[in-house]
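Q: Residue numbers (the working numbering), protein chains in the order written: chain A, 1 to 174; chain B, 175 to 464.
One or more hints might be untrue.
Stated by the list, open to error - Heads up, simulated PhoX-like pairs for lysine-lysine below, C-alpha to C-alpha not over 25 Å straight-line:
1. B/LYS394 x A/LYS115
2. B/LYS304 x B/LYS189
3. B/LYS304 x A/LYS115
4. A/LYS115 x B/LYS387
5. A/LYS115 x A/LYS151
6. B/LYS387 x A/LYS160
7. A/LYS115 x A/LYS133
8. B/LYS304 x B/LYS387
9. A/LYS151 x B/LYS387
What the hints assert, rightly or not - Reference listing, derived: stretches of chain A covered by chain B, where coverage requires no fewer than 3 residues with Cβ under 8 Å from a Cβ of chain B:
10. 26 to 39
11. 94 to 108
12. 118 to 130
No lab work stands behind these hints: they were computed from the structure. Positions of the beta carbon are idealized from the N, C-alpha and C atoms, including for glycine.
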Amino acid sequence: MTPVTGIDFERITLRDALDLAVLIEEEARDRYEEFADQLAAHDTPEVADFFSRMARIEERHRTELLERRRTLFGSAPSAVDRRALFDVEAPGYEAAHAFMGVRQALETVLAAEVKAHTFFSEALPRVKDPELKVLFQELREEEVHHQALVKAELARCSEKPDDSEAYADDPNAQ
Amino acid sequence: MNAFLAPNDYKSPLKPIWCPGCGDYGVLQALYRALSAVGRPPHEIAFISGIGCSSRIPGYTTSYGFNTLHGRALPIAQGVKLANPDLLVIVAGGDGDGFSIGGGHVPHVIRRNVDLTYLVMDNQVYGLTKGQLSPTSPRGLKTVTSPMGSLEQPINPLLTVLAYGAGFVAQATPADMPGMTALIEEAIRYPGFSFVNIQSPCITFGEEDQQLKAHKARMKPLASLGHDPANQLAALDLARAYGTELYTGVFYRNPSPPPTYDALVRQRQVELQKGEPRSRSRVLDGYLKA
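Using the sequences provided together with the hints, build the complete structure.
A: In structure tokens:
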């Protein structure tokens with residue numbers, strides 16, 4: 001199942017590719033914001049804070065890409081919109097669950113970064129435009145860098161892999 | 175021609191309070207995208223729901239919304255559509271709301287063919303009230319109200335609506351977001367009553383093998399089986415597999431949709447205006463003679 005629909009990577013322009021990259025970051029930002037809200041509403045403030053931080057990071061990436069797009073193409077209208085994207089870098093909704101721990105949250109982010117890397121790796125062979133190829137290679141390498149950052153944080157995480165939910169009560173009937 | 179409306183234009187500032195990991199989050203996201211694709215502005219849309227987790231949906235959109243009574247979403251939605259036929263009316267609810275307390279309304283909305291889209295988020299359990307048996311719970315399911323396992327045969331929502339003659343019947347899962355978005359859009363565009371059964375698992379009270387990860391492994395798109403959605407008999411046959419197979423896609427789409435009830439009401443109004451004026455006294459005369 002492709003996470004991007006209706007886009008032909010053989011014909012896509014650099015401008016549209018930059019717009020797509022902006023939207024990928026926007027989608028991830030929105031998902032982490034949703035996760036932060038979900039976890040905050042379910043008494044898991046530490047993980048909510050972590051997802052809020054992730055949302056801010058994705059927003060920073062989005063702003064950087066948007067600046068590049070504006071420098072190169074000004075305010076020319078975009079030919080791609082959010083409807084074309086389905087969880088490229090955003091984790092799927094099933095990744096969140098009540099009382100998840102920080103380690104699980106980090107693993108969720110790592111899986112999302114791997115997914116984004118796979119997306120760019122699979123798109124690259126179809127890209128013909130040399131400038132576009134460079135952009136996609138750069139974006140793919142960014143994902144490798146992000147994975148390294150998350151792995152380092154996972155290594156520092158004091159929470160044991162099976163700690164999550166150990167303290168959560170079973171749901172009770174009314 | 176309306177200006178482009180992005181999915182987030184349909185998203186209200188009210189934050190959903192479903193459990194993290196609930197299938198309904200994906201349904202809501204797919205709904206925003208489908209509405210953006212259809213392009214009707216929020217003030218031309220009305221969401222009507224009953225009671226349950228999924229019935230919270232009207233509050234999470236920027237369109238008109240009415241979170242009504244348990245099981246009464248369909249009659250109220252029919253009233254809304256007949257009062258203002260220009261509104262795009264979408265009904266959202268769960269399997270309990272739609273096929274238990276509200277089950278009696280299903281055949282009548284279908285036989286009238288009111289132009290509504292009915293999205294049922296089928297999680298096979300009463301999630302909001304903490305996990306009791308629902309009409310689509312599989313036989314043998316252990317819940318707080320069936321500690322030794324359910325003795326009841328579940329209702330088959332697909333077979334039910336097909337048997338009553340629904341013109342558009344589909345099934346989706348949030349495990350396939352592009353597929354679900356396309357199905358919701360197609361259902362909205364269908365001219366008549368349309369029904370989408372969305373297998374939206376309950377992360378808290380649902381079974382492990384009914385969660386989205388399992389859906390990804392189990393789901394079988396009907397298009398990949400070569401199913402012809404115009405074939406009603408084949409649709410009925412495939413629908414029998416509800417509960418054992420997870421087919422996704424359009425089971426049935428009537429290739430010649432009959433006129434909708436709302437269109438017939440409009441036609442009747444025009445005929446009455448054209449014809450001989452009917453005075454109130456003539457109507458009353460009928461009663462007096464009796």
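Q: Against this structure, judge whether each hint is valid.
A: Consistency of the hints with the structure:
no.: 1; hint: B/LYS394 x A/LYS115; result: holds (23 Å)
no.: 2; hint: B/LYS304 x B/LYS189; result: holds (21 Å)
no.: 3; hint: B/LYS304 x A/LYS115; result: violated (34 Å)
no.: 4; hint: A/LYS115 x B/LYS387; result: holds (16 Å)
no.: 5; hint: A/LYS115 x A/LYS151; result: holds (15 Å)
no.: 6; hint: B/LYS387 x A/LYS160; result: holds (24 Å)
no.: 7; hint: A/LYS115 x A/LYS133; result: holds (19 Å)
no.: 8; hint: B/LYS304 x B/LYS387; result: holds (22 Å)
no.: 9; hint: A/LYS151 x B/LYS387; result: holds (24 Å)
no.: 10; hint: 26 to 39; result: holds (count 6)
no.: 11; hint: 94 to 108; result: holds (count 6)
no.: 12; hint: 118 to 130; result: violated (count 0)
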